[in-house]
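When you get a sec, could you build the whole thing from the sequences and use the hints?
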Amino acid sequence: MLTGDRPTGRLHLGHLAGSLRSRVALQDSHEVFVLVADVQGLTDQFEQPDVLRRNMPEVMLDYLGAGLDPARVTFVQQSGVPELTELTVYLLNLVTVSKLRQNPTVKTEIAQKGFGEAVPAGFFIYPAAQVADITAFGAQVVPVGEDQLPMLELTREVVRRFNGLYGPAADGTAVLVEPQALLSASPRLPGLDGQAKMGKSLGNAAYLSDPPDELRRKVMGMFTDPAHLRAADPGQVEGNPVFTYLDAFDPDTARVQALKDHYRAGGLGDVTVKRHLLDVLDAELAPIRERRAAYARDPQAVMDLLRSGTQRGREVAAQTLAQVRGALF
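The numbers in my numbering rise by one with no breaks, and the one at position 274 of the sequence shown is 290.
Lysine-lysine pairs mimicking BS3-like chemistry, simulated, CA-CA at most 25 Å apart: (1) 213 x 123; (2) 276 x 290; (3) 276 x 234; (4) 234 x 129; (5) 213 x 234; (6) 115 x 129; (7) 213 x 276; (8) 213 x 129; (9) 234 x 290; (10) 213 x 115; (11) 290 x 213.
Derived CB-CB ranges, DEER-like: (12) 184 x 127: 38 to 46 Å; (13) 277 x 328: 50 to 58 Å; (14) 120 x 312: 35 to 43 Å; (15) 274 x 211: 23 to 31 Å; (16) 131 x 283: 42 to 50 Å; (17) 313 x 228: 15 to 23 Å; (18) 165 x 46: 15 to 23 Å; (19) 280 x 105: 49 to 57 Å; (20) 274 x 219: 27 to 35 Å; (21) 47 x 219: 32 to 40 Å; (22) 127 x 87: 39 to 47 Å; (23) 133 x 316: 39 to 47 Å; (24) 85 x 280: 40 to 48 Å; (25) 298 x 184: 51 to 59 Å.
Don't read these hints as lab results, they were simulated from the structure. Remember, it's a predicted structure, so these values are computed and weren't measured experimentally. Note that CB positions come from ideal geometry on N, CA and C, so glycine has one too.
In structure tokens, the structure reads:
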């Protein structure tokens with residue numbers, strides 16, 4: 017299994033709901049590689065690489081706090097595996113400009129970042145680099161949020177095309193592994209402000225490392241149903257982020273359904289629902305904060321985990337690259 021994140025900021029609840037919980041569950045049954053994608057982070061942070069350097073240890077602490085076990089998970093720094101760059105060059109020949117231009121995730125991010133026609137080429141082709149990341153580690157499973165599904169489908173298309181053109185390998189197996197998506201039960205979490213997606217760059221996120229008072233401030237300020245002006249009024253549940261978060265994090269589904277019914281009927285105030293959500297999130301984040309704080313006491317040991325994992329990642333990627341070279345040349 018391969019998964020990862022750009023170290024452009026601390027990880028938030030969207031990461032937890034979207035794929036972090038799946039990663040933690042899969043570490044019991046899969047060989048797990050987690051990529052800290054600093055090279056990909058440069059595609060939109062090339063003018064301020066210090067952002068990536070500063071957030072590298074923060075992301076590692078979030079991983080460890082979320083429950084990823086360094087005894088079972090290999091953490092890899094992308095820039096420490098140059099084999100990924102060479103593999104990207106080869107696979108770019110199997111990806112068309114029109115396919116990249118049509119990618120809905122790329123289009124959305126270009127609009128969010130205001131690139132317009134001045135989009136950096138590195139950013140434009142990063143889906144192809146993700147194909148290289150996934151295939152280099154032979155990933156059979158990739159936990160993704162809903163917005164990343166087009167990326168994974170591109171990977172599957174490239175793998176099929178490569179294997180059809182250049183395979184099989186000398187031992188008769190496929191050169192590249194075709195991965196499957198593992199979509200979480202909560203594939204997309206809206207922002208606290210009601211926008212379609214929670215994002216580090218959008219200022220609408222609650223972070224795994226937020227202290228209780230900061231989490232309280234954010235939850236109590238969340239967007240709800242703008243037409244629900246009084247507790248006695250019937251309220252709208254669909255599209256209401258507070259209930260979306262309860263669906264994602266409250267394990268008591270019957271209780272959530274009762275709250276929804278009460279809210280729709282009227283007589284349930286937003287503050288009451290938000291207080292309940294805060295209790296649910298505090299229960300979810302308390303052990304994450306505790307583990308994170310424990311690892312933070314020895315930051316050198318945390319970065320040593322990344323360095324040793326990167327060496328292991330290079331060994332695996334080099335094996336895949338050797339097979340690709342053999343198929344091509």
